[in-house]
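> Make a model of the complete structure from these sequences and hints.
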Amino acid sequence: MLLWVSPRGPGEWSAELATQTGNFGTFPQLVGEDTYAQISPLFDQSVEVVHDLLGTRFLSRFKGLPCPFVEPTGALSLSNRYYPPQSTQDQLLQAVAPVVETLLSQECLSQPVRTAILNTADRPFVFEMDEKGHLCFTTLSGKRPEKAFVNSLPKAGTYFLGEILSELGWRNSDIHMSPFSLTDYRGRSLDEKLSKARQLSYPIGFDASVQFLKPGQFSVGHIAFSGRNRKLLNNFKVLLAVRRWRDCLASFMYFEAKRIALDPQRFAAEKSAWVSGETPQEKFIG
Amino acid sequence: MDGENLFRGPCPSAEDLKNGRYICLVGAAQLLGRFHSDSFQHKLARKFNLPVLNLSVPAAGPEFALSPKLRPYLENAQLTIVQVMSGRSIGYDEYPGGWKTTDLTTGELRPREAVLRSIWETDVEKFGQVLRRWNDN
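Taken in sequence, the protein lines are chains H and V.
Residue 239 in the working numbering sits at position 239 of the first sequence, and the numbers go up by one each step.
Residue 18 in the working numbering sits at position 18 of the second sequence, and the numbers go up by one each step.
Derived by calculation from the structure, the hints in this document are not laboratory data.
Beta carbons are placed, not taken as given, at the ideal position from N, Cα and C, and that holds for glycine.
Each hint should be verified, as a subset may be incorrect.
[What the hints assert, rightly or not] Listed below are several chain V residues computed to face chain H (Cβ distance under 7 angstroms; list not exhaustive):
hint, residue
1, Asn-5
2, Leu-6
3, Phe-7
4, Ala-29
5, Asp-38
6, Lys-47
7, Val-57
8, Gln-83
9, Val-84
10, Gly-87
11, Gly-128
12, Gln-129
What follows is the structure, encoded as structure tokens:
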């Protein structure tokens, strides 16, 4: 598939225009309708995305304050007016997705996924089904023969270890397991994981959820020791992640402040002291 | 990493690469997702539950997609998305190279756009000829 991504359409620049005015066009410079018409027939499909060029301001992920970046010239800049803004990333997906879907199905390359619905107390949870009809979180597995589980203190590097497991050949199930519930992060962005954690939680306890993992997959969670839990993880590669309590607590404070900002209804009224403070420290102490 | 360029991860697993179970992106900084943590690459991977191999690099020109090191990955993918890249990042016999080329009047290595502008400012007719040959390439 050929993809045009630019603040202008292919027809808005031509060699004649450049000869008359010295205007080489915005990105992709020196490419106009003629060239585009010559190359697009070489592809099965072509998609054009014309985006705006509103300056994107960069904010610190830690403090939310303006954050400069270094230009190729060495100068510091606070906003970008050359590269597409974040909205273009969504615009691209919106424009491309129907064509990608068609092309994948034409080639009969995507395998249909069989699913099953489990009606939990408040809403349905969707499982996939493997070739034998067994329920699982995903039918896709890594090359490793074992199942794996990252058991950690919160903010002790749970997902960092998860990334290492992915590199080593396990596939992330994207399910966060807790003693009495699970959080379904399948197909969710980082922002959604933070802002929708409550909505993505299902009352499926650890003793049930851990059984839906397949060999070559892993999950993460914060599971206390018990004889039963040890038995449930008997055939797993278990990675235990611990960190200094103070560091966990400090990290958790910022993490929770961020989640509350994105989802103010996160805590019930009786715990509203969490959200009434001005600073993350005040919110946390309550 | 292909020995010359650094690419944006995550990389599909060796098994997925071998079985062609991935979508391949080839382009410049726009498809690299410069300045965006949740870029088009990540959104596409989530939407189709398929790994995405992103072979985009800043300032890449049209010739980049034809690199013999990259071609096997493009050809083996379930689907390859190629971005229309900038004409200022491709050369031809008189002005070879990527986004920088040798200014024939000074012998200096300069951004191609600056070289073109100099030609336009000094000789519009020659500029027209250069541009036509460039576009033909």
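> Now look at each hint and say whether the structure bears it out.
We went through each hint and held it up to the structure:
1. Asn-5: Because about 17 angstroms separates V/Asn-5 from the closest Cβ in chain H, which is outside the 7 angstroms limit, the hint is violated.
2. Leu-6: 16 angstroms, violated
3. Phe-7: At 15 angstroms from the nearest chain H Cβ, V/Phe-7 fails the 7 angstroms test, so the hint is violated.
4. Ala-29: With Cβ-Cβ at 6 angstroms, under 7 angstroms, it holds.
5. Asp-38: 5 angstroms, holds
6. Lys-47: 6 angstroms, holds
7. Val-57: 14 angstroms, violated
8. Gln-83: Hint on V/Gln-83: holds, closest Cβ of chain H at ~5 angstroms, below 7 angstroms.
9. Val-84: 5 angstroms, holds
10. Gly-87: Result: holds, 3 angstroms to nearest chain H Cβ.
11. Gly-128: 5 angstroms, holds
12. Gln-129: 10 angstroms, violated
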